[in-house]
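Enquirer: Could you build the full structure based on these sequences and the hints that come with them?
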Amino acid sequence: MAPSKPPLWRQAFDAVEGRIGPPAERAVQTDLFADTVALALKSRRRIQREIERQSRRALHLVNIPTATDVKRVSEQLAALQRQTRALEHRLAEQQQSPPPSQRGARSGSQTKERSR
Amino acid sequence: MSPTVPVPSQLRERIGRDVDRAYRRSRNGLRYAAGSARPKIGPTPKDVVWKRDKAEVWRYRGTTPVEWAPPVLVVHSLVSRSYVLDLYKGNSAVQFFLDAGLDVLLLDWGIADEVEAQNTLETYVDEYLPRAVEGACEATGSDEITILGYCFGGVLSLMSAARHPEMPIRNLMVMATPIDYNHMPGMTGLLKDGKVQVEELFDDTGNVPPEALESSFRILKPTAEFTQYANLWQNLWNDQWVEGYQAMNQWAGDHVPFPGAAFKQVAEQLLTNNGFVEGTLRLGGRDVDLGAITCPTLSIVAERDHIVPIDAATPLPGLLTGTEAEELRLNAGHVGLVAGRQAAKVTLPAIVQWIKDHSDRVGEDDE
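Residue numbers (this note's numbering), protein chains in the order written: chain D, 1 to 116; chain B, 1001 to 1367.
Incorrect hints may appear among the rest.
Now the in silico label distances, taken between C-beta atoms and shown as ranges [to be verified]:
1) D:V16 - B:G1253: 37 to 47 Å
2) D:Q48 - B:D1193: 15 to 25 Å
3) B:G1253 - D:V70: 25 to 35 Å
4) B:E1144 - D:R46: 52 to 62 Å
5) D:R46 - B:A1292: 38 to 48 Å
6) B:S1215 - D:V70: 23 to 33 Å
Okay, derived cross-link-like pairs now, SDA-like style, lysine to any residue, Cα gap no bigger than 25 Å in a straight line [what the hints assert, rightly or not]:
7) B:K1040 - B:D1239
8) B:K1264 - D:L80
9) D:K42 - B:E1214
A partial selection of chain D residues facing chain B, derived with a Cβ cut-off under 8 Å [to be verified]:
10) F13
11) E17
12) I20
13) A24
14) V28
15) L41
16) D69
17) E75
18) A78
In short, the hints are calculated from the structure, not lab data.
Because the structure is a prediction, the values reported are computed rather than measured.
Each residue gets a CB set at the ideal place from its N, CA and C atoms; glycine is no exception.
Expert: What follows is the structure in structure tokens.
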């Protein structure tokens, strides 16, 4: 059985999309588009930084913490969590491997376990 | 000449069908707008069998007995959520593999935040992946494993396999994996040409935010969103189609932050220096030599992939000088490799067949 024809509105949509789609896909690969995106990114970042700077000055004046302060605390917490993780891993590895004095006695069983 | 006026019975049938579709369209439209009746994503039951920080290995529970060994460990990307491989009931790559008698595990990286912002590629390639493989082997009682890396998960798998030849990898499969970054489209050029500095993409957490990743994918097909809405309107009467659309749409807008330090390495070593192809890739002060991979390897490439174009994925077999690598070209898109009707009909059966050809039947060599 032949596939049924798409409705008229869909045929019209596909015709328009077929004309717009490929040139649009080519346009986003051009240097001009890349430059525009780069400029937009940089401008947004600059504006954001300026807003942050101004609002920080105002909020600090009335002793209210700002997003920058929260970010700093958050970074410190993250650093702390990374240290905790590293310690946890070290502890777990020490628990898994026997102390140096017992290593010789257990090496055989370890080999056996690994070759299982 | 054929009559242009339909006979009364045909007309009745057509009116009945149109009325029924109009009713279904309204009902599904309301459900879609309200966000109700979404399919349950990631429905296959699973257990966490290994965990380190946010990285977890899940072992899926199937109803079909395991017939093939070694188990398959799917390594997911750092960009998106892993439930695309277990989308919803009736559209799940994981379920397909389980039904084929495979033992399936998945390495999920979790969602990166400030703590993971300093994770480098070495964190994933040298620290997590080898341990995850060990954990998967322990959980399944197997002494080796088949790895299936999807998208950037394939990049991590290749790096790890190359740097750790001692890892018990029986077979390595990479799917829609970018290798030649000179052929990567879209926003990658911004970083490559130095128009944007990597740090400019970072958010307050020090990661590349999901929105940035999402828009970099969306921009590749600027009219795709309109086409999606047209497709939705055309198929809104079809309950099954809407179910699939909702699940896929949810996943497509559900990216995860990319760890900042690792992204910086990707930008420098892969996007700018094209490290795999040029042989300049270095991690932890050592070269990453893909020639060190000696296990059977399959590169699965999607012919209609617009995120990782075919030319970006195909150079892999030529770089794997230590093994006879195969390539499987499939008529699918990036996501269509693992989800959707095409996946169930074409891609997943082909992948399963390769796995079976390179695996042992359980019980065959138990002596």
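Enquirer: All the hints need checking, so say for each whether the structure fits it.
Expert: Each hint, compared with the structure:
Between V16 of chain D and G1253 of chain B the beta carbon distance is about 25 Å. The supplied range of 37 to 47 Å is therefore violated. Hint check: Q48 of chain D to D1193 of chain B, Cβ distance near 24 Å, so the stated range 15 to 25 Å holds. For G1253 of chain B and V70 of chain D, the hinted distance range of 25 to 35 Å is satisfied, since their beta carbons lie about 27 Å from each other. For E1144 of chain B and R46 of chain D, the Cβ-Cβ distance of about 53 Å falls inside the hinted range of 52 to 62 Å, so the restraint holds.
Checked against the given bound of 38 to 48 Å, the beta carbons of R46 of chain D and A1292 of chain B, roughly 46 Å apart, stay inside it. For S1215 of chain B and V70 of chain D, the Cβ-Cβ distance of about 26 Å falls inside the hinted range of 23 to 33 Å, so the restraint holds. A hinted pair counts as satisfied when its Cα atoms are at most 25 Å apart, and K1040 of chain B with D1239 of chain B qualifies at roughly 15 Å. Between K1264 of chain B and L80 of chain D the CA atoms are separated by roughly 23 Å; this keeps the pair inside 25 Å, and the hint holds.
For the hint linking K42 of chain D to E1214 of chain B, the alpha-carbon distance of about 19 Å falls within 25 Å, and the restraint holds. At a threshold of 8 Å, the smallest CB-CB gap from F13 of chain D to chain B is about 5 Å, leaving the interface hint in force. Taking 8 Å as the C-beta contact cut-off toward chain B, the hint placing E17 of chain D at the interface holds, the least distance being around 5 Å. Restraint check, I20 of chain D versus chain B: the minimum CB separation of about 6 Å is within 8 Å; hint holds.
The interface hint given for A24 of chain D is met, as the beta carbon of that residue sits about 4 Å from the closest beta carbon of chain B, less than 8 Å. Because the smallest distance between the Cβ of V28 of chain D and any Cβ of chain B comes to about 5 Å, under 8 Å, the interface hint for this residue holds. Nearest Cβ of chain B to the Cβ of L41 of chain D: about 6 Å, under the 8 Å cut. The hint holds. The beta carbon of D69 of chain D comes no nearer than 12 Å to any beta carbon in chain B, farther than 8 Å, and the hint placing it at the interface is violated.
Annotation: interface hint on E75 of chain D holds; nearest CB of chain B at approximately 6 Å, less than 8 Å. Residue-level restraint check for A78 of chain D holds (minimum Cβ-Cβ distance to chain B is 4 Å; threshold 8 Å).
Consistency note: the structure conflicts with the earlier hints numbered 1, 16.
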